[in-house]
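Undergrad: The lines below spell out each chain.
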Amino acid sequence: MSNFYQMTLAELSAMLQAGDVSSTELTEHFLSRIRQYDTALNSFITVVEDQAMMQAAAADKALNSGAAGPLTGVPIAHKDIFCTRGIKTSCGSKMLDSFISPYDATVVSKFKQAGVVTLGKTNMDEFAMGSSNETSFYGPVKNPWNTDTVPGGSSGGSAAAVASRLAPAATGTDTGGSIRQPAAMCGITGLKPTYGLVSRYGMIAFASSLDQGGPMAQTAEDCALMLNVMAGFDEKDSTSLEMGLPDYSAGLENSIEGLRIGLPREYFDEGLDNNVRAVIQTALDQYRGMGAELVEIELPNSGLSVPVYYVVAPAECSANLSRFDGVRYGYRCEDPVDLYDLYARSRGEGFGAEVKRRIMVGTYALSAGYYDAYYLKAQQLRHLISDDFKAAFENVDVIMGPASPGPAFNLGEKAEDPISMYLSDIYTIAVNLAGLPGMSVPAGFVDGKPIGLQIIGNYFEESRLLNVAHKYQQHTDWHRLIPEQYK
Amino acid sequence: MSLDTDDIKSIAKLARLKIDEADVPLYATNLSNILDLVEHMNTVNTEGVVPMSHPLEVVQRLREDTVTESDQRDEFQRVAPATRDGLYLVPRVIE
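Sequence lines, in order, name chains A and B. Residue numbers for the first sequence follow this note's numbering, beginning at 1 and rising by one. Residue numbers for the second sequence follow this note's numbering, beginning at 1 and rising by one.
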């Protein structure tokens, strides 16, 4: 049995370019791993074997004719929030259980153009609303490191699939931590880019001013390869940024001697699990050993990020999800008696409890007489939160801290208590509110459960984040570890 | 901030969500707890702070007013629950 699954995207790509393996062999290899392991993990909602094999054959042709790009022929998985033409795109919801997308998201078409093979669509919290993958209509995903625990969320399927090496890499989206928190809990590397860097076209909207797609992979080097494909201006996304882009792989090897790392006092307070603190401290010591300087900083308004988020995100979701009306696509109730009944029952039956909670919070916050007290107030605080980061980045190059206050929690542990679930994103949410890029990098274990180091950068500093993460990964091997039962 | 069961019913109606009668008390508890969490916003005075509309302060991009999309009605209606003759079907709205 070959060991392709133990290899990174960069390594697989090199083998493909050298002709040491074909895309067909690789695609077969990962499809067979999905068949073997995913019944237990539930990380995929849809696997597209036939289409993947056709894409692999086309990639092999391109490789043989010298028309291949850096990622041609590698297979990856897409979070089921990205529309994929001709393939079911459910967003983890009963509402879209029968939705076969008539078009591709820009991210999906960019990967197609790059010759990347799609293995399937990964499980996720319903409409990306959740931090544990338990709100999915298709059932929870199990964390490959400990199947009694959650993989994190909302990109939990992508994280679990990469952690168990059912796919060498996957796409994810991050509205309040949905790439970084599951990446941390599953021991993989994830990057949430600057807001506006990756097109949101065809990425089913949750909270439009916060949503951002990004790569989830084994290494920072692989995230760079993926970001090279994903990033870029798209006229179909009204908030896409028109700007020149670097080669994200180019600066990976830069020295980090003299790097100034800011440590926000608020990210290391009493809310942080002590074992997690120890893991993060060890990683910071390693950075110091590599020549970086640790600087204590303050983000005084960061304590407000969860309250602010739970106004902004529900308000935007209540507006975005109003498009699900049982008329144009998606679930429709049986025998509606009138138009109101059609709307209310289609939505009441098609959405799960967490989605309904958030739509109602948002509807309330935006309703007549409450707008100023909630949405306007939240958008003002957002400015203050963002200004905290601006001030911090005048003195430091990157900010580091934990990605999550604890390791993966047990399935069911927080499912009945929305507030405790919301607080598991306490260290990730501010980054989305400010629109900054952030990463999670595997940094160790607590009781056999992976811990992620979060690295936050200034706007458009993805290259620096990837460089800083890559240097750490050259000194550590946490990112190379695979749970025993998937070897 | 505390919401009672009547509040939940009126919010659900505004949001066009049918909620089972039996679930209303739990939604009232959950939503009240969320609003309590949100209350923390009031610990900070934001008088005079400009509300943030885009993290990078960019303005809305406009495009030329020209047709860019082709007619894909048939394809889009293939995913619709009920259509006839190119029209979406809904319950009768005019008696």
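Among the clues, some could well be false.
[As the list claims (entries may be wrong)] Simulated crosslink set (DSSO-like; lysine-lysine; CA at most 27 angstroms straight-line):
1. A:K61 with B:K13
2. A:K88 with B:K13
3. A:K94 with B:K13
4. A:K110 with B:K9
5. A:K88 with B:K9
[Said to hold, decoys possible] Computed list of chain A residues with no C-beta within reach of chain B, every gap over 10 angstroms:
6. P102
7. L245
8. G291
[As the list claims (entries may be wrong)] Chain A stretches covered by chain B per the calculated footprint, using a threshold of three residues with CB under 8 angstroms from any CB of chain B:
9. 22–34
10. 331–345
If you're looking for bench data, these hints aren't it; they were derived computationally from the structure. Every value quoted in this text rests on a predicted model; they were computed, and no experiment measured them. Built from N, CA and C at the ideal position, the CB exists for glycine as well.
Undergrad: Can you name, in rising order, the numbers of the hints this structure does not satisfy?
TA: 1, 2, 4, 5, 6 and 9
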